[in-house]
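First to last, the sequence lines map onto chains A and B. To convert, note that position 79 of the first sequence is 79 in our numbering; the numbers rise steadily by one, no gaps. To convert, note that position 383 of the second sequence is 1383 in our numbering; the numbers rise steadily by one, no gaps.
To be clear, the hints were calculated from the coordinates, so they are not data collected in a lab. Bear in mind that the values here come from a model prediction, so they are computed numbers and not experimental data. A few of these clues could be false.
[Stated by the list, open to error] Sample of chain A residues at the chain B side, in silico, Cβ under 7 Å: (1) Ser-18; (2) Met-20; (3) Asp-43; (4) Arg-184; (5) Pro-188.
Cβ atoms here follow ideal geometry from the backbone N, Cα and C, with glycine treated the same way.
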Amino acid sequence: MKEIVFDFFNYFVFFYTSLMAITFIVMMFLSFTSLKLRRSYYDDNYVRKVLSESPYTPGVSVIAPAYNEEKTIIDNVDSMLGLDYPIFEVVIVNDGSKDSTLDKLIEHYELVEVPFAYIERIKTQPFRRVLKSQNPEYRRLIVVDKENGGTKADASNAGINAAQYPYFICTDVDCILRRDALYRCIWPVLSSSKHVIAVSGTMRMANGCRIKDGQVVEVRPPHTPIPLFQNLEYMRSYLVGKMG
Amino acid sequence: MDEILSGFDYLTYYFYLLYYKFIGYPIVVRICIAVVTLCVVFYLFLALYLAYGIYRRQREKKLGQRIFDRFYEPLKEVLGDRENHPVGEIAQKVRHDVKKSLKRQEMRFLVQVLIKIKSELGEKVNNYNMQNVQGVFKVGSFFEREIQFGRPRQKIQALLSIQSVNGYVSEAVLVRFLYNRRLELRNAARFAYMWLSQSNPFRFFDEDTTMKLSRWNMAEIHMILMHRQKMGFVVPSFLKWVNSSVEDNVKAFFVSEIKLFDQRDNCPPLLEMINTKTWPLRNEIVRTLGGMDYIEAEPKLVEIYDVQPEYIKQNILTAVAGLRSGRGLGFLHEAFERADDQATKLRALTYIRDYGEQGRELFGQLDDMAEGPAAQLFAHVKHPLTNQA
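Starting from the given sequences, assemble the full structure and let the hints guide the process.
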């Protein structure tokens, strides 16, 4: 009996690791060909030139739930407001923060409460108020203040309810988006012959990178071993796993 | 005497070494070992290929930086200068010998520099100087060589770059790729042809009635049409392609272009087509008739309103509100009262408020009577910061 159990365990480990190895390598090959193909047809300058003044460019809502982000909220929202795209808005959902996240937003962006006709397409925890800026420079910003729903999904849904554009990006408020991220995300939606319902981006760690004015100006790997391995794991999962 | 392995013998030796190592194991295990071994070999190959790719990219990056440092500032000065400069003078300013040509890879980076400068300067770029700069560096010949002899990616890049720098290539070069089986190359060639051709640039719309267009293609075609209009070429009437195209989204695209190029003569035929069974086409016709202020369409729009899906209803409200015939206010009021979709109600209410003096008066009366959720809608419409982006 013991031998059978040991044999079973040995074979299980063997086949499991073999399957993992084969899967990773096959996906690496698939992602390699897929990346080569995508690289062929996307041209930064040309895409920007076409979409920047086109009446066919769709609007995009950037939705970012925020919970207790007082230390970095202003820098991160500034970074989002600085995105390069002709038609977009930034919806920050204050998910019942217990710190001064909302107060900082109100003070910095001159926010006032507005009587927003909030259409609850998706059920969420009740929202308290919607705020917009009196400063025309921040006209793209809208802040939804709501009660904490326990999950990020609840906050994202509230952001979707408040969004006015047909496309939206759900991101974390502490994520730095590339300046041309919206162009890159919308291009496969517009150019595909098939109906595209979602587009995913590639995430990397900001550790070690040089960041200026809310944008990554130089990409570098982290210096310490654990974040370095974590970065490698991110790249494996996005560039190999997801792309494959 | 010792036997020495050579060439293929090594592979045979290690193959049998591996084979006999696992000879006592079940067949499934042996197959698994073989597959993993092959994968390891493939993985090593891929790792080497990636390493080589990284090395090549670093080398290209350095080359690109060299070209940028050498030509960016002098070219920006020339292209931003209001004064026209001949070829010889430009060659002197950028310190380039006209008799010599840059290498192909260098030319690719130079074209990127030109595109960057053009996008920075926008309308301020001196087009005469731009043509002469392209003469100095023989950019036209470069494009032709890339399109004829480059790899598919390079061909497509060159075709897209022609539009970005107002470049020129002979139509004879493009003709080969107009019917290429590779869709991306075919589209890039066709759009470059439309951009450049002075004789029948839109022949593909006549020839290929089953042509499919993505929204990206539509944006590209619109940009080309705008460019041609700016250059003084006549924009064709799109109605013929609305009738001849098989794909509904292509029909809808041409209807939209009718509005964007203000082809008012096409309004009566469009009104006749409004009862089409295809909703996206009907939606676009509604938007076009409203966008071109075709007042004769109002009775028909009001007539068909009730049986439309919500998004077409909203566009009918926009159209009627925009027409400002004086008769639309009653319709907007009724639409507001009967709408069960909040977004439609909100839209109708906004248009009531914006419908001149009478509209504001009606809005005020309705606001006074509003209670509960309806009052929230009125507050939303009244506040100056809402509906702002």
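So, going through the hints one by one against the coordinates:
{"no.": "1", "hint": "Ser-18", "verdict": "5 Å, holds"}
{"no.": "2", "hint": "Met-20", "verdict": "10 Å, violated"}
{"no.": "3", "hint": "Asp-43", "verdict": "5 Å, holds"}
{"no.": "4", "hint": "Arg-184", "verdict": "13 Å, violated"}
{"no.": "5", "hint": "Pro-188", "verdict": "9 Å, violated"}
Of the numbered hints listed earlier, those contradicted by the structure are 2, 4 and 5.
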